[in-house]
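Asker: Protein chains in written order, with this note's numbering: chain A, 1 to 204; chain B, 1 to 1632.
A couple of the hints might just be wrong.
As the list claims (entries may be wrong) - Partial selection, computed: residues in chain A whose CB lies under 7 Å from chain B:
#, residue
1, P10
2, D12
3, H78
4, Q81
Hint data in this document are derived by calculation from the structure and do not stem from the laboratory.
Yeah, the Cβ is synthetic: ideal placement off N, Cα and C, and Gly gets one too.
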Amino acid sequence: MSHHLFLLSPSDTPLYELTHYSSKPVQTAASPLAANLPSWSTSAFAGTLTALSGASSAAQTHNSQGGPVRMGGGKDRHVIQMVANASLDAIEEVMRKENVMYLKSVDKFNEWTISAFVTPGSENPVYCGSASLLQKQVSDMSALLDMKFILLHETRNDDGIKSFFTEVWELYVKTMLNPFHTAHTPIRSAVFDGRVRASAKKYL
Amino acid sequence: MSDSKTDSKTSHLDNMDDLPEGWVQQYDPKSDHPFWVDTKAKPPRSIWVHPFEDEQFMNEHPEIRDRHRSGSKPDKEEGKTGKAGKSKDKDVPQPAPGEAPPPYSPRRHSFTGEPSQRRRRDEEMHGDETVQQPKTPQPSSSKGKGKEKEKRGFFGKVKDKAIGTKEEREEARRREMIAAQRYAEQRRQQRRANPYYDDYYGSGSSSRYGGYSSSQGPAPAPFGPAMYNPPAGNPYYGSGYGNGYSNYGGYGGGYGGRSSSPHVLILHSPDLQDVLDSHNLPPLPQILQSFSPLQQITTRTTSLASIPLSTFALRFSDLVDIESAIHEDEEQRAERTMDWIGNRVQPRCAAWVETVEAASDAGDGPWKDRTPWWEEVKRCVESDHVPNRSEGWNHPVAMSTAAVNPLQALQDLHSRAIDFPPWVDVTFLRYSLILHPSNSSLSDPIAESLFNAVKKQYGLHTYLLPLSLPTSPPPTAVSIPLPVPRLPPIPPAEISPMPPSQPAPAGVSTSPPPASVLSPRVQSPVQSPDKPPLDATKPLLLSEGDAQQLSRFTREFVTMSLIPWMEKAVVDWNELYSTSRRLPSRLFSSTRRLFGSGYSSATSTPPPSTPSHGSSPSISSISSRVNSHAPNSSISSLTSVTSTGGGQAAVLVSQQRRLAEFATILGDFKLAISVWENLRKESKGGHDILPLLLAPSPALPLLASNSVQANHTQFHELPAQAQMRSLVNAVRWDIGMDQREFLGNVLEGERWLVYAAGAAEEVPTALLLAHAAFLSAKKDARRRSALWYLRAADRLEKAGIKPLAMYFFRRSHSLYRALRPSDLSPSFWESEGKSRSNWRGFDAVLPGIEHELGRLLYTTGDTAGAVQFFLGLLQDSDTAALTPLTEGLGITINGASQDAKQAGTDKVYLEDFRVALKHFKATESERFSSLELQLQPRFCQIKHTRIRLPGDALNGDADEWKTREDDWAAFWKPKGGEKLHMGGRAAVDETFWVDLAIRNPLEVDVTLSALTILLRDASSPETSDRLDFVEVEVVDDIQLGSREARTIPIGIRSSRPASLVLTHITYNFLGLLPAKETLATRGRRLQDTPQQRQNKVYAPDIMLNVQVEDALQRVQANFVDDRHLLLAEGECKRMTVKLLNSGKNPISELWIIGGPEDELWVDDDKSPGPSAQITPSEPEFMTSTNSLAPREPHRVLIENLHSSSTLESGESVDLSLILHTTLAGEHNLCLLLAYREASGQAFYSTRLVRQYEVRPILTVTPSVQPFQTSEHEYVIDLSVVNKTTSSSIRITQATMMSQSWTTIPLTTNIIGALPPSQVARGKFAANRWEDGPNVQGTREFVIRKLRSVLQGSTVEPSDPPTTRLQCRHLSTSDSVQSINSPAIREFIHAGRRNHVSRHISKGHPHIPQTQHRSVFPLYNPTSLDFVVFWEIPSQDRRGHVLIPISHLGAEHAPLAQVLDDVENTKAKRSMYAETRRERMELIQAIKNSEWNAETDPIGINVMGGITLSHDFASSPCHVPVTFVLRNHSLTNPARYTLTLPARSLPGSSTHSLPHFIGRLTHRGELAPSQAVTVRSKLLVSQPGSHEIGGWSVETEVGEITDPPRWITRQRYKQELSDTNLLHINVENSSRT
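Next comes chain A alone, as it looks inside the complex:
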């Protein structure tokens, strides 16, 4: 049972991504669709399953054994990223309608359920003045505003995910206190990474 976390800047560029394999027991099949997915295929390539068709089962077996990771080649990774990207459509729609930070299960793609956390954003940020002076401020501000945290998960775990998001948000704010960090800077801090992992371990 894997989780994928993405921290997206306001420009929808991922600043941080994390794959977490939960060791918690797998609950009853989260997605009935995925559970009963047929594995037959008459095509010659039936053996090579992509991430989406077989990922859940394969990933789960790996997890339970704590064995090697399936996120190997770039192929699966890009599908996961596509899923995260696709969920933005739904997230933005919900953001327009509701005024909450934690959007639970906004979207669903086969076995992936997507929860999101949207940091408070400015509706229509108006920045005036000469660009050069304000650029840094704008950048700083927008580093805190309108961030989207996206989590791909397979089972429902609303409370845990909410706590997880809150912690990540706190960690993110702390990272943003670094004056050299802007909304364009990928987060490479090992401390941040470690803490997010710890938090994921705790809640997911």
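Start from chain A and add chain B according to the hints.
Answerer: Chain B in isolation, oriented as in the chain A frame:
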């Protein structure tokens, strides 16, 4: 035939008086047909049907329609209840005996009643297409009758007053005659049995559903002209699909497409096929299918409300086919279907993609809202006609049989056992159709009688279809819709010659005679050239008359037989259904369910009651008088008998479901919904159909997902079937629902398709996903669309459908890249200098898609495209925009960092690229050259790339060389100022190198070949990159590991002087792809003007350039020994430099410029130094400039080294240098050699570098103490530690130098061998050098200069007065190293200078370095220097260490006056705190400096440690104590007051303690350096060890004044501390 027409004519003529107002009836003798004219219309409208049967008329006159309908009921039903209308509709036509049904005989079912109405419609529609005003049915023939029509119209007006009932009565009577009584009777009984019947089903809510259904049906579509237009544009796509599908939604009012329509199976006699074949006609099902969607059918609900359906579809298929197909395993069939769809899509998708892309380029077109592949899937899925266990749509509802030998054959057909599996619902209607070709041997009357006989025997579901089959020259081909694609039968499963379906569905078929009207359509090309081969299907070559007949038959069949039968079935089943839902039975059934008889509740419903008519099986025999069975003369007959018998056993499809399906087909949605709901609750299906029927609500997506889920659970072991069912459902949803609702926010229909697609990797499911993506894109959910396109493409790729997969990949790519409108401020992007259009988002997405695209392109043969994609994938992961990398970002799991993964992908990409490129180059070499592929990652690290000239320092900082050149310029400026040509030039015909820093940015090994550099001549920028006079080395092969960095030297040689600019490097990437990288770096960002600050303006690019010049004057300098130098600290190393004049002209003047701190001696002086041997005992004197001036460049005297004073061309000399090292560590000796041919000419330079390392070997620590006695002033301890671990060092000599002090070695044991890690100590006494030089001048110089520094005025450059130093040597040998030998002298001077300079720079940071020489002298008067000479004989090293000791003697704040002045003057206030602070620091630094030291000059020493014995018995002991007081000051006199304590110690009252006696206070005055001895006595009263202290010295320092008088400058008081106690040990000698 003529009979029937005459009959009908008369009958209609009889009805003339029934006409509405303004209508007249006419008769057309030519066609032998009556027609009606509306005289009121302008222009007069003429129609072929009675106005009451004309829909247009009825629509225009609703009141008449109402009257017509309502009035007819009481009339015809003769007092039956209001429900009679329904039973009327259910009537089976019963024409008068002996009267064949007229071709235009009224159709009774719909309110407009007549098939001719439909004909009329067709006419209008064709009119739309061909003749603009088709108001006259026969334009060719009716012309002459126009007046008559109008005249008749006048008559008609009168008669129409009495309108309304006659026509209806006529109809009703005919209905009456039909044997419908039984049915009506039954209904009455039912009603009696169920009093709630009406209330339950007949409540007014039917109108709601009626309204609903009409709103759902996209009614306009079928009537649009497009349907009937000849194909326009692309004949295949445009019209084919356009026509074929524009009326999809019309089927059955929009609830799920064609597959949910009644299914008619045809069994025909063999000779029928022969007949058709002989006329080149397709099989009968196909002929009939072309008439399929009937327009404007009206059905009745169970509550007898009528529902107008705009279209009503039928499916015809051959019974034999079905029988053979039905026995196939369903799972296998589903699999086969999937594959079959895939096989159909595959060959055509390339053309589709082209068309769609062309259409999207053009803006819109037919493919704006559709995609051909999805249409194809829909058609294929819809074509499924084999009954299946889970649903009843495909089960036959009617069966027709056809026979050869009229009666016998018919009988055979009827009696034929139908080979269906038991689960097929055999509740069906049998209908007999007798085909009567005109060329049959039977005459018309015989056929007629045959028909009657058949009717007698088999009941009323019989029809005689006279056809005038075309003769050998086919009259005109009527275009028909090509048959829907059918799954081929099993055996030739791989061959699918199924023709793609073609335009013009149904409804087109018949029209009244005028052939001219039809001809354009008929002649229009049916097949497009680019269409896949159209095969075996024969065109439908039917004459208009036959077409008309067929159409009439179809309509008759539907309205007279099929619909009534279905309605009846619905009523019957509904009865059962509703009874079963009443409480007892529900209890009953639920009990049953409880006891687990799963399906039994479905099967347990009582068998459907046999519809009253059509006994089962009603066998009839036709006695025909056909004498021959010859094909041509045969009468084919089609027989149908309604039969409901025998199918009850083991029906998997429950009757309820059948009921629901029938109700849905008939449009009775209210009933249908309730039944479906019920089914759903019992989890027997219904999820799939309900969304089509219900109003949009959030519950519907749930239903949809449930339905998919149900499919998967139901067919758990049969995944193909599950997938197939999901696909069918999805297709139905897509067809049956309004797209706006389907895509709306409530339903989100595109997701349903994704549910249905599941995870199966099949072509149809992939297309399902693609359609979902297409719909999402239409909804503007582009990112989701991109995902689904990607997944569809993935699956299609695996299925091998490449063009389509490629198209989807491209769509996904472009949708992903598409910029979305964003409310981000533009400043957000500007803040980091990023551009919005460069957004790449997730790092793996684009490479993922592009890689797939590249592979696809490669496999499809587009190597060029593939290569371009692969090339784009090779990204420098460091420079790739916003690529998350390294730990922390990116995924690090189980220690496998993302880098590893990156390596994996890079490797794959590179391998693909290599293969594709190789192939591309091999096959399309000229395209390869024209494509100009650009490699993205950059290998060259420009900033680390250097030009290296021969003899040039590899190392050596450019800044350092710059300072050398500046030093030289500064030095030479006053002397002449000739220019120095800058160094760093290459010579003609001499190779120099470019050190290219190459780094592999990829995570995989790569090979670069043919690496070289392109040059440009700076003077002629236009010249090509290849200069013919320059030779550039080409490096063949470089193998670079992943992320490896390397420096590659590339030699360049120019054959003439030029200024070369290095523009690019070129290489072949992997030995295949020529690549070129620029060597220019961007200039700095300009900030000078506001314009530059606000925008980004950069200085011009910086290029690497090199000057090549003629070597007229050129000296090459090299160290002879070029090895790495490892030196000991303080070592003097002699090195030899070889100077070679490689230029053409002689050199006469040569200078060496070294660094300011280099201690270097150029040993070019042949004249021996002071050769006098100096003995150690004698002091030596050295004169010093006492200046901190830096070393000047040294002129090498060539004549001393060489035979002549010039160095001729080609000559070389050896120059000896001695280097003295001081500081440990790595150092570069950078020497600039400046030379020229003759004075007055400019200088040239060459550079000389030697790197060396210095290691410390000795530590020399001095310590200074005042001397104990008055003999000497100070004693200096020198400890020397050998820091090496293995070498024994020999100390050969120690030399002390000072201008104020003279030293005497007290011991000599410092001289000698010093083993490793050992210490040697030496003691020296220092005394004032009385005859020393006058240091006062130096002091005054410093005071003067510091004053001007403090006052802030300019320090005039002047050097301090020279001075003289006394040197004392300590050596064991007789000859000592003279301090005055030039090298040593130079080294000592330089060492001292370096020491002082460092000291001053550190202590006085605010005094500029250039002023140091003007402010401070080299030697402080109080300082004293030791030089320790050493050697390591084993290593042949020798050297010396300089140990400066400063601050010997007392000073009296010589700067106090100056500082006072400075502090007391009113300082200029500065507004800057920094300036003030700086000034404060400056003052403080000077105050604390050694030049302003303030110490107590008087030193006191007690000659302590006295031990004596005394006989205390005789007398108390008097111990003499000597105090030595010395004025350490070199300048000032001092007065002292020594006070001895009177009592021994304060507080000690005992007399026994020793105490001073005698004079207790001593005063005196001491000149500088003078010492005085004060003697006193101590009385010791008892023996013992005593410590005595407590005395104090008060000092007054005097000023130096010219008339000597005492002015106290400073006072001090010393309390002697405990450390300076006097120890006295007195023994009592009295006992002894």
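Asker: All the hints need checking, so say for each whether the structure fits it.
Answerer: Here's how the hints hold up against the structure:
Proximity of P10/A to chain B holds as hinted, the smallest CB-CB distance being about 6 Å (cut-off 7 Å). Look at D12/A: its Cβ gets to within about 6 Å of chain B, closer than 7 Å, so that hint holds up. Because the smallest distance between the Cβ of H78/A and any Cβ of chain B comes to about 3 Å, under 7 Å, the interface hint for this residue holds. Because the smallest distance between the Cβ of Q81/A and any Cβ of chain B comes to about 4 Å, under 7 Å, the interface hint for this residue holds.
When the structure is compared with the earlier hints, no violation turns up for any of them.
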